[in-house]
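K.L.:
As a plain string of letters, each chain reads:
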Amino acid sequence: MSATTVLDWGLGLAQGMLVLAMALAAWRMLRGPRAQDRILGLDTLYLNGMLAIVVHGMRTGSGLYFEAALILGMIGFTATVALAKFLMQGEVIQ
Amino acid sequence: MSGAELPLWAAWLVVALAVVGAAFALTGALGLIRLRTFYERVHAPTLGATLGMALILISSMLLLSLIEGRLVLRDALIGVFLTVSTPVTLLLLARAAAHRDRHEGTPGAPPEV
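Going down the list, the sequences are from chains A and B. Quick note: the first sequence, position 1, residue 1 per my numbering, numbers continuous. Quick note: the second sequence, position 113, residue 207 per my numbering, numbers continuous.
Keep in mind that a hint or two might mislead.
[Stated by the list, open to error] Computed Cβ-Cβ distance ranges for the label pairs, DEER-style:
{"#": "1", "chain 1": "B", "residue 1": "199", "chain 2": "A", "residue 2": "75", "range": "34 to 44 Å"}
{"#": "2", "chain 1": "A", "residue 1": "90", "chain 2": "B", "residue 2": "199", "range": "14 to 24 Å"}
{"#": "3", "chain 1": "A", "residue 1": "23", "chain 2": "B", "residue 2": "131", "range": "20 to 30 Å"}
{"#": "4", "chain 1": "A", "residue 1": "4", "chain 2": "B", "residue 2": "114", "range": "19 to 29 Å"}
[Stated by the list, open to error] Just so you have them, the derived chain A footprint on chain B, three or more residues with Cβ under 8 Å:
{"#": "5", "stretch": "105 to 113"}
{"#": "6", "stretch": "117 to 124"}
{"#": "7", "stretch": "148 to 162"}
{"#": "8", "stretch": "196 to 202"}
Worth flagging that the hints you see were computed from the coordinates, not collected in a lab. For each residue, glycine too, the CB sits at the ideal point set by N, CA and C.
Next comes chain B alone, as it looks inside the complex:
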């Protein structure tokens, strides 16, 4: 376990950021369970993929920077990559689902653009 030399306020700040980020991810997963149709559900996990991910990575960068005594921005790489990739995956998935629904003539399928 690291962080023995950390000031108390820094530990609380790191923990608060991580717990709030995890709470966002949990809310997103809860939405995945509770919402009724696929087109509603596809919105829910983005909560964890954007805000939850950002808060946890900021917390991780803060902790590493405080422990090592220099600026460590390594984790921002994950953040940049996920910010670029999440919209692409969910757009492709939603379009595939809309294509299937239209093809099968499911009621409530989104109209052709």
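Okay, chain A solo, but in the shape it has when bound:
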């Protein structure tokens, strides 16, 4: 087996597992039952999506996906904090 084959199949497997994790998180986000469960599902969804982008960047060997993953991490953090503050106080900025 050549190194290219190992990388292609192995990283493909890792990507498949991350996509499955995203599907499970999306199920929790859609199912609820309460608002905090949906926010937790969304948080897990974007985190696993970011990891899937990193693995995709490894598969293609291009550095372009790094910025996308970094920005997704930052936006997801902001979104979850804003939603949690909204649950706590009923408003995002007071």
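Since chain A is already given, all that's left is putting chain B on it; use the hints.
P.N.:
Frame of chain A; chain B shown alone:
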């Protein structure tokens, strides 16, 4: 597809790190589905956010460093940022959930500190 010039052991090491990291993330998402109460569930995704994230980023840094023939530590930036931000988000979320539960008088709500 890159990595044609990589030695076989390096390819196996990169793949092993990435697959174990993805398995941690999958276990965390599975916990999100299987655990019963919100306060149990809030623990599960941290598995992917810490160990899974770290293993995948180490694997990515290793692959890029081997391909480019120099030390590439760019991906550590994501790791540092997530390590700082994950506890903050989950603490805020858990406190918001506890606040709501106490306000509504749900049985099993955590007591006021």
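K.L.:
Taking the Cβ atom of residue 23 of chain A and the Cβ atom of residue 131 of chain B, is their distance within the range 20 to 30 Å?
P.N.:
holds, 22 Å
K.L.:
Has the hinted range 19 to 29 Å been met by the Cβ atoms of residue 4 of chain A and residue 114 of chain B?
P.N.:
holds, 21 Å
K.L.:
Checking C-beta pairs, does the stretch 117 to 124 of chain B have three or more residues closer than 8 Å to chain A?
P.N.:
The restraint on the stretch 117 to 124 of chain B holds, since 6 of its residues have a Cβ under 8 Å from chain A and three suffice.
K.L.:
Counting residues of the stretch 148 to 162 of chain B with a beta carbon closer than 8 Å to any beta carbon of chain A, are there 3 or more?
P.N.:
holds (count 7)
K.L.:
At least three residues with a C-beta closer than 8 Å to a C-beta of chain A: is that true for the stretch 105 to 113 of chain B?
P.N.:
holds (count 7)
K.L.:
Can the stretch 196 to 202 of chain B be counted as covered by chain A under the rule of three residues or more with Cβ-Cβ separation shorter than 8 Å?
P.N.:
violated (count 0)
K.L.:
Assuming the hint says 14 to 24 Å, is it satisfied by the Cβ distance from residue 90 of chain A to residue 199 of chain B or not?
P.N.:
holds, 18 Å
K.L.:
Between the beta carbons of residue 199 of chain B and residue 75 of chain A, is the distance compatible with 34 to 44 Å?
P.N.:
holds, 35 Å
Consistency note: the structure conflicts with earlier hint 8 alone.
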